[in-house]
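As you go down the protein sequences, you meet chains G and X in turn.
Residue 1 is where the first sequence starts when you use the numbering used here, and the numbers rise one by one after that.
Residue 1 is where the second sequence starts when you use the numbering used here, and the numbers rise one by one after that.
Calculated from the structure, these hints are not laboratory results.
Please read all numbers here as calculations on a predicted model, not as lab measurements.
Some hints could be false.
Partial chain X-side listing against chain G, Cβ under 8 Å, derived [claimed, not checked]:
1. V134
2. E207
3. L229
4. R231
5. S234
6. R238
For lysine to aspartate or glutamate, the following DMTMM-like pairs were computed, each having C-alpha atoms within a straight-line distance of at most 20 Å [to be verified]:
7. X:K84 - X:D138
8. G:K19 - X:E307
9. G:K19 - X:E207
Note that CB positions come from ideal geometry on N, CA and C, so glycine has one too.
If you want the building blocks of each chain, they are given just below.
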Amino acid sequence: MAIQVRVPTILRSYTGGEKLITGSGDTIAALLLDLDASHPGLRERLITPEGGLHRFVNVYINDEDVRFLGALDAKVNDGDTVTILPAVAGGASGLLMLAATASHRRLG
Amino acid sequence: MARYESLLDACGETPLVGLPRLSPSPEVRLWAKLEDRNPTGSIKDRPALWMIRAAESAGHLTPGDTILEPTSGNTGIALAMVAKLRGYRIVCVMPENVSAERIQLLRMYGAEIIFSPGAGGSNAAVAMARQIAVDHPDWVMLNQYANEANARAHYESTGPELLRDLPTITHFVAGLGTTGTLMGIGRFLREKVPGIEIIAAEPRYGELVYGLRNIDEGFVPELYDPAVLSRRFSVGTRDSVLRTRQMLEVEGLFVGLSTGAILHAALGVAHEAVKAGRPADVAFVVADGGWKYLSTGAYDGTLADAENALEGQLWA
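Excised from the complex, chain X in its bound form (with noise of 0.2 Å):
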């Protein structure tokens, strides 16, 4: 059954699809979960949902109110479409020099922007954003970096839709950004499939993102226990950008620029396994489509054209 009563009523039951010329060998295969055929286009509709409801059952949020989230990313926009619906009020903070699509796409969901200093970057939109909830403190901030229910969102449908479709399942692998993907599946999973191996795919950016980091004062998101995690693997710009085209050129699959580091790692344990002579059934996640990310240069010209154009970008 297709039919569903509303599209909020539409998020998850994604396909499942076989890669076939990507699979390594006949024992060896790899699936891809096609997030992007969400709602907004992302994985992000499962938590923005799942955030939502959970706001609402605890009280938090009722018609009229309004959601404060500094974010230009997924999350924003999926956030923005569920609020259009649940008829509450968004207001995303973002610097001024995110690109055009973010803002006409968010614009269309009936966000409303405002603009920090282009010149501070996200540090300053973060930093409205907090004094803004100040001067607002009956605005809801979802903080999707420690909101259980983003993890959950997963742990209770995309987990259980992935055992239920691929029950010889050996290897997950997903992004690292909140966390959320991997400890929601990952824990489903654990759970039910034993010697299972949940891996993480984190971007590594180009060195001008890095630039500015101090290593006494990171970030790791509240969510995140490394103990659901089997491996970790750091996925450079270049490797990135060729598994992405090599996903469209080889299976016609035309997905954003994490999913090109999540299908490294996963080819990358494919691979182990073969080398092992042990079956393996390795199923990612496909978080988005391509669609947001033409104007960031990564699909024209040579890799190496790419790498150049990405230098900087939090293409993830």
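Extracted from the complex, chain G is given alone in its bound form (with noise of 0.2 Å):
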């Protein structure tokens, strides 16, 4: 048994292109951990050079934001499934939203 995380197309560079990993650990700071010695720079781009998550990135465990959780301690079980998104908003006017984020866009 395992964590799958599902990895966003922007940060797929650190996974060989795979969309679906899989790591192990009883926390998210545990399985960020673990992933790293997998694919070297993930853990990086998530996590500030203080140790908390990055702000426009958002982690949820089966759905749910772990910043509700305990962020980086949020617990973890084999079975679960972890999803990395760059922070976005939806609703109505996500048309602006997303014109936002992508205009400030730096590839790379």
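From these two lone chains plus the hints, build me the complex, please.
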């Protein structure tokens, strides 16, 4: 058993193009450390130098935002699915949001 | 009394209806606040009215002025209606490839539309709106993502209506876009109802939508304060479509896709309450009806068909 992790397009350069990777650990912090061994550089894109979750990254355990579950200390269990997504607002004016984020995008 | 002096006075005071068939048990009940029963058919009529009134009170808007809005969504439609009745000109900037219904609706409300190149997507629309704002410093952009009157509309109207109609409320669930709905209603309910849970349901679009996002420079609306929320769920396209259809099939409510996402989160917390053996009154928002989304393909064919049709679309 393991934890499945869904990786957004923008971070797939660290996973050899894979959108679904697996890892292990009993917290998000431990999972990210485990993933970094097999996918070097991935963790650094998600965690700030101060050790917190990057402001514009959202991480979900089974569709629930980890920031409301203890953030990096949030517990994960075998069989869980973890989803990583860039922060984006939805709503009827998601249109505006898409533009606001896309206009600032920096590729690479 | 259901008589009003004008359409603007008929904003709000929407029905709260029970959903006895979708509710998991007699002790754990779901309630839908029908915000599609607002003048232009969405919850955005409230913030549109409040933002325009606030700009008027502050002296930023007087009849004859021009409002500029880079959106083709519910807020644009609501603003166009209020602008028409209050004597403002409104200019909407949007990509040339948005759906025909939106263009038609905005034009009927008298909005002028400036099209940006379709290939540039919404990026081009916002860039163009910003340029237009520079060229026309007297035009007013209301900036709903940062405008306190957006959240205040819900603090002063939607929140009090909910508590009056459902004093036993234990959970409130709404969509997370500008965050105005959740911030306004959430703050109000937290002040009045000890232990209430405020739950956000945010849409998780198809991969194409996120393809361009860079995590170094994302966007969090200025209005957003995570301390108001208890939990936050990401709801994918398939779950949203499934719940949207279930709402019509089981309770007869024809709602837009963002409401499907909200119902998904509401059912999740309702079932948790059942498991824990706790009674609950879970209220959620019906943000709009399904009419404007018929052409998206969400209501046709199998779930997989709908999911494919919605890939790449901002369906909420």
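Results of checking the hints against the structure:
Taking 8 Å as the C-beta contact cut-off toward chain G, the hint placing X:V134 at the interface is violated, the least distance being around 15 Å. Annotation: X:E207 was flagged as interfacial toward chain G, and the flag holds, the nearest CB pair being 6 Å apart, inside 8 Å. Hint status for X:L229 relative to chain G: holds, with the closest Cβ pair at about 7 Å, below 8 Å. Here the hint on X:R231 is kept, as its CB sits about 5 Å from the closest CB of chain G, short of 8 Å.
This hint holds: X:S234 has a C-beta 5 Å from the nearest C-beta of chain G, less than the 8 Å allowed. Because the beta carbon of X:R238 sits about 12 Å from the nearest beta carbon in chain G, more than 8 Å, this interface hint is broken. In summary, the hint linking X:K84 to X:D138 is supported, as the alpha carbons are separated by about 19 Å, within the 20 Å threshold. Between G:K19 and X:E307 the alpha-carbon distance is near 18 Å, which keeps this suggested pair within the 20 Å criterion.
At roughly 10 Å between alpha-carbon atoms, G:K19 and X:E207 fall within 20 Å of each other, so this suggested pair holds.
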